[in-house]
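Turn these sequences into a full structure, and let the hints guide you.
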Amino acid sequence: MKQLRRENIRFWQGNEACAEAAVIAGCKFFAGYPITPASEIAEHLAERLPQVGGVAIQMEDELASIGAAVGASWAGFKAMTATSGPGFDLMQETIGWAFMTETPCVIVDVQRLGPSTGQATKCGQGDVMQSRWGTHGDYSSIVLSPNSVQEMFELTIKAFNLAERYRTPIILLADEIVAHMREKIVIPIAKNMEVINRKKPEPYEKAFFGLQDIPPMPAVGEGFNVAVTGSTHDAYGIRFTADAQEHRQLVERLNNKIQSQAEKLADVETYKIDDCEIGIVSFGCTSRAIYEAVEKAEAKGLKIGYTRLRSIWPFPEKIVRQLTETAKKIIVPEMNLKQIFYEVQRVSNGRADVIPLNKIGGGELITPEELLEKIEESA
Amino acid sequence: MSKSFSVKKYLRPLLLPFCSGCGGITVMSEFLRAANELGYEKLDKFVFCSGIGCSSWIPSPHFVADSVHTLHGRSIPVATGIKLMRPDLHVIVFGGDGDIVGIGLSHFIHAARRNLDILVIMVNNMIYGMTGGQVAPTTPFKAKTTTTPYGSFEYPLDAAKLAVTAGACYVSRWTTAHPKELKDSIKKALRMQGFRFIEAVSQCLTAYGRRAGFKDSWEMLKWFKEKAIPIESAEVMSEKALTGKIVVGEFVRRKRPTLVETIYRTIKEAQK
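Chains as they are written, first to last, in this note's numbering: chain A, 1 to 379; chain B, 380 to 651.
FYI, nobody ran anything at the bench for these hints, they're computed from the structure.
One thing to keep in mind: the hints can contain errors.
With a Cα cut of at most 27 Å, we get these calculated DSS-like pairs of lysine-lysine [stated by the list, open to error]: (1) Lys601(B) - Lys567(B); (2) Lys328(A) - Lys303(A); (3) Lys594(B) - Lys540(B); (4) Lys651(B) - Lys191(A); (5) Lys387(B) - Lys206(A); (6) Lys300(A) - Lys272(A); (7) Lys424(B) - Lys206(A); (8) Lys521(B) - Lys424(B); (9) Lys200(A) - Lys421(B); (10) Lys200(A) - Lys424(B); (11) Lys567(B) - Lys651(B); (12) Lys421(B) - Lys619(B); (13) Lys424(B) - Lys199(A); (14) Lys388(B) - Lys206(A); (15) Lys619(B) - Lys206(A); (16) Lys521(B) - Lys651(B).
This is the structure in C-alpha cells:
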C-alpha cells in the first residue's frame, strides 16, 4: 500500500467496487438476474467484462445464472454471480452442487430486508444463517462480510482467491448499505495484489475428486475426460449412489477441507480483546457504528473492546472465544432478529453474558448512539 | 465406416444402469453411431451436459468424454456457461422430458430464443421414470400413472412445436422405433450451428408401459410405429385426427445468427 499513486484513489459505489475487483481478480464470466440491491454489479460487469474479453450475460432467472457460472468455471474460467435474498434462495440447490463438485465460483449476496419480498430496497442482515446452512445436506461454506466500499473491493478479490485455492464456492455476504453507498476507495497497484489460480492437473493425473484434500481441477475440453457429478462419486468422478463408505469419505473430506482451515480462514479486526470488560462482536454495515460508540464509551471511562468479523463462516471461534474470556459482557448488534448472537453464545459457553441488540425495518441502521446506550446499560 | 464398429469404443467399462428394453439404450447407441459415422474417433471435442433422470445417465459417466451431470432441470444453464466460454467445443445436452420441459422448461425456451449453439437430445418416455412413474408434462391424456390413478386429466406438451416457436434452428422428432431416422437426424444436427433440438420418443416399460397395458417393450415399439405420422401428412390433418398420434420428422431447419456469434461480435466491438 506504500506505493500508491494519486490515480489509485476513487470515489466508488460498493457494487461498482465489487465489479471492478472481480475484473482484477481475473473473473471472465458473469451471469445474473436483475434484483435490487445487487443489479449494479451486473450492469457494471456487462460493460467491463467484454472489454477484457469476458462474457456477461443476463439469464432467465437465478437458477440459470448460477448454473451458467458453474458451467463457465468448468470451462476453466473464473466466474461470478450476484443477487439478493430472494435470488439467493433460488441459488441454494446449485450452491450445494458447486460444493459437491468442488467448483470454484463467487456468489455475491447483497442482503436486503426479508422474509419474502419484505422491504425490497431496504437493508437487512437476515441471510447470515442461510449463507451457512442454505442448501440441503452436510456442507461447509466460506462466507465473507465487507463493511465498506474498500472491503467490497478487497473481499471480492479475496473471495475469488479463496474459491480457487480451496476449490469451493465462496459467498460474499454484503448488504444494501455497503453495496449502495459511495465512499473513498484506495486501489493498490496491480503487482501488489495477490491473484490465485486453481491448481491444474498434470497430463497423467486422473483423480480430480479425491486422493488429496484439494484435488487438481481440469477444465472440459482439455482431454481429461472429466466426469462431473453432484451425486456421490469416487476420486475419479464415478457415481456411487448407495455405497456408504464412498459417501462418508467424500462428504467428510469436502467438509474437512474447509473446517480444518477455520483458523487460517478467520479474518477479523480486533481492538483490545485481551483487556476489556465489555466486548462487541459485529459484522457488515452494522459494524460501522462501533468506532464512534467505542470512542465515546472510552471517553466515559469504560473498558471496551471489539471483534469485527470480515469472515463469518467458518465462524472465527478462536478469536471470539478470546474475547469471551476477558469480557464479562458481549454485545452483538445485528440488523436481524438474532443470528450471529447464537454463535457468540455458543462460543462463550456461559463465560460472558451475551447481549443482543437487534433492529429490523425500514433499512434503519443501528446508530452509534443506540450502541452506546446498550454499552452503558451493560456496564 | 468399419463393419466391426462397436459403440463400446466410446464407453467406459461400466455396467449400464438401464432396465432391459429401455429406449434410452437405443438413443445412446444411435448417438454414438452418428458420431462414428461423422468420423469422430474420440469424443474429446464434445462436452455432455445432463440433468437428473434416467436419460441423464446416458452420457454420465458412461461416455469416454467430458460429462457434466448437473441438477434436475439445470443442464441447459450449465451448458450455456460452458459453450459461451469454450465455443470451440460441441456441447450436447441429454435429458428426459421431465428434466428438459418439466422443471427445466424456461431454460429450454430461452436457450432456443437466444439460439445458443447446443444440441439438446430429449428422451421423451412420457413419464417420470427414475422416481417410479409419476405423471409428466408429456404424459398422454387419460394415461394412468402413479399420481394419476384415474387417468391423467391434463393435456401433454408438444416440445418440438414449442422449440420451433421459441426460435430453434433445427427441430426433429423420431421414436426409438425409427433408429435410422433418429441417427440421421443426429448427424444432421451435429453438422449444424445454433440451437438444435431432437426429441426421441422412447419406451419405458417399467414406469409407463406396464400401467398402460403393454406386455413388453416390443409392444410399445409397435405402438410407436402405428401412431407415428410423418410431419408432411400431419400438416393437412385436423387436430382431432392427430389426437394420440406421434408426429415425426423434421419440424424446422433454418439459419439464424447464433448466440456465440452475437456475443463474440459484441466483445470485439467493446474492445475497440
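- [ ] If any of the earlier hints don't hold here, list their numbers in rising order.
- [x] 3, 8, 11, 12, 15, 16
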